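**Student:** One-letter residues, chain by chain:
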Amino acid sequence: MKKISFTLNGELRYIYVAPNEGLLEVLRDKMGVKSPKCGCDSGDCGACTVILNGKTVRSCLIFAIEVDGQDILTLEGISKDGLTPLQTALNERNAYQCGYCAPGMILSVTELIKKNPHPSEHEIKESIAGNLCRCTGYKPVIDAVLEVTKKH
Amino acid sequence: MAIPYEFGYEKPLTLEEAIQLLGKHGKNARVLAGGTDLANEVKQGFRVPEVLIDIKGIDSLRKIEIIDDRLHIGALVTFNEILESKAVQDNAYILYEAAGLVASNGVRNRATMVGNICSAVACMDSAAPLLVHDATIHCLSVDGQRDVTVQKWFVDNRKTAIGEKELVTHVSIPIPKLKYAGAYQKMMRYSGEDLSQANVGVLLFSDGKCNVAFGSVGPIPKRSPKLEAFIKEKGINSQSIADAKEMISKIIAPITDVRATKEYRMHMTKVMFERAINTAVERLKKPKLITKK
Chain A
1 MKKISFTLNG
11 ELRYIYVAPN
21 EGLLEVLRDK
31 MGVKSPKCGC
41 DSGDCGACTV
51 ILNGKTVRSC
61 LIFAIEVDGQ
71 DILTLEGISK
81 DGLTPLQTAL
91 NERNAYQCGY
101 CAPGMILSVT
111 ELIKKNPHPS
121 EHEIKESIAG
131 NLCRCTGYKP
141 VIDAVLEVTK
151 KH
Chain B
1 MAIPYEFGYE
11 KPLTLEEAIQ
21 LLGKHGKNAR
31 VLAGGTDLAN
41 EVKQGFRVPE
51 VLIDIKGIDS
61 LRKIEIIDDR
71 LHIGALVTFN
81 EILESKAVQD
91 NAYILYEAAG
101 LVASNGVRNR
111 ATMVGNICSA
121 VACMDSAAPL
131 LVHDATIHCL
141 SVDGQRDVTV
151 QKWFVDNRKT
161 AIGEKELVTH
171 VSIPIPKLKY
181 AGAYQKMMRY
191 SGEDLSQANV
201 GVLLFSDGKC
211 NVAFGSVGPI
221 PKRSPKLEAF
231 IKEKGINSQS
241 IADAKEMISK
251 IIAPITDVRA
261 TKEYRMHMTK
271 VMFERAINTA
281 VERLKKPKLI
291 TKK
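Protein sequences appear in the order of chains A and B. To convert, note that position 4 of the first sequence is 4 in the numbering used here; the numbers rise steadily by one, no gaps. To convert, note that position 104 of the second sequence is 104 in the numbering used here; the numbers rise steadily by one, no gaps.
No lab work stands behind these hints, which were simulated from the structure alone. Keep in mind the model is a prediction, meaning the values are calculated, not measured. All the pointers check out, no bait thrown in.
Result set (DSS-like, lysine-lysine): computed pairs, CA atoms no more than 27 Å apart in a straight line: (1) A:Lys2 to A:Lys55; (2) B:Lys56 to A:Lys2; (3) B:Lys43 to A:Lys2; (4) A:Lys114 to B:Lys63; (5) A:Lys150 to A:Lys115; (6) A:Lys30 to B:Lys43; (7) B:Lys250 to B:Lys226; (8) B:Lys179 to B:Lys226; (9) B:Lys234 to B:Lys285; (10) A:Lys114 to B:Lys86; (11) B:Lys165 to B:Lys63; (12) A:Lys34 to B:Lys43.
Pulled a few chain A residues facing chain B out of the computed Cβ check, cut under 7 Å: (13) Pro19; (14) Asn20; (15) Arg58; (16) Ala129.
Simulated coverage check for chain B against chain A, where a stretch passes if three residues somewhere in it have a Cβ under 8 Å from a Cβ of chain A: (17) 33-39; (18) 48-56; (19) 103-109.
Backbone N, C-alpha and C fix where the C-beta goes; we use that ideal spot for every residue, glycine too.
The following block holds chain A by itself, in its conformation from the complex (with noise of 0.2 Å):
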């Protein structure tokens, strides 16, 4: 076990971990953060994404020893202050149904956002483009994005 730390939504955070342990299951299951999910656990879906160090990664296939010193923020992080414009947008439009892929979907717009502000609506699908929703279909998640960054 190696005592590693890192920067967890803003908060500096120690724990032992062992070289074979992934960085999903460290987060779920020994630091209760539960915004990342396990879904194909091979890095096709897109439930896992967690923002590290500012890019959207899968944390299925990251080893959590890996993440040593550097910044990881997930969904409980960027709504910490209550919802984000982008996330009251999905609510009204009801976008999400089971809410599986909803993480990974906000967090890989907000990456998308905070470099261009106001992406046209390829852009918004080749952000989302492999984070797999099987329930409301895409078209409201993208409603919503094109919504909260249209120009003023």
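Put chain B on the given structure of chain A with help from the hints.
**Tutor:** Only chain B this time, still in chain A's reference frame:
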């Protein structure tokens, strides 16, 4: 999924330290960069290492630079960094084009091009662009540096010419002196998150030389000197393209698997070859050397 095997973890901060570790552990070590292939292999028990050597602490491997008319791409450069690089867009547009079709944004943020050609899974996207550009793979070990041409790099599905103690530090691509244009075509079931069922890369030069590479239609991606010589001799016209498409039947050997049948792969490779060569011809007509969409 919990991983039922134990292994060690080292994170060297210098190249010297990394190759010493590889020298010590040899084939029992796996080099970890983005890990998007490696994590799956370890989880599935496909290749279980005694130790992972995480090279992400070695900043010198993170560079894209032009040195002596060659474009250098370091072992830690991710596909998204390739997409953001003007040097790649200007000097190896086809690689930029292929990088944009790799998996999804969240994977491209982590997955590296060098990792892609080291995993060497037959459906990789980087191989065809590197093959048509005559890239060189630069390896380093305690015994010194060794350069391998991309034509000799791929040995079999998931098998490369890398030595047990070697680390790939970077890949370099000669920047052509002649005016040129390339095009990459990938067949997949849906965009945004899929492996290629077949892919084709074409690089066309102003003197008529045409490099062609086929991926995901055999155990290793490959060039076809015979086809290239044929096109150079006959020029590009509807008859020569039709004849070249016939020749493809004897060049590639696709298999049937869960993603496509061999017949469909064969048919579509011919179609994509034609599309790629026509795109390259159009791009070559543009006044600037740089081939924008």
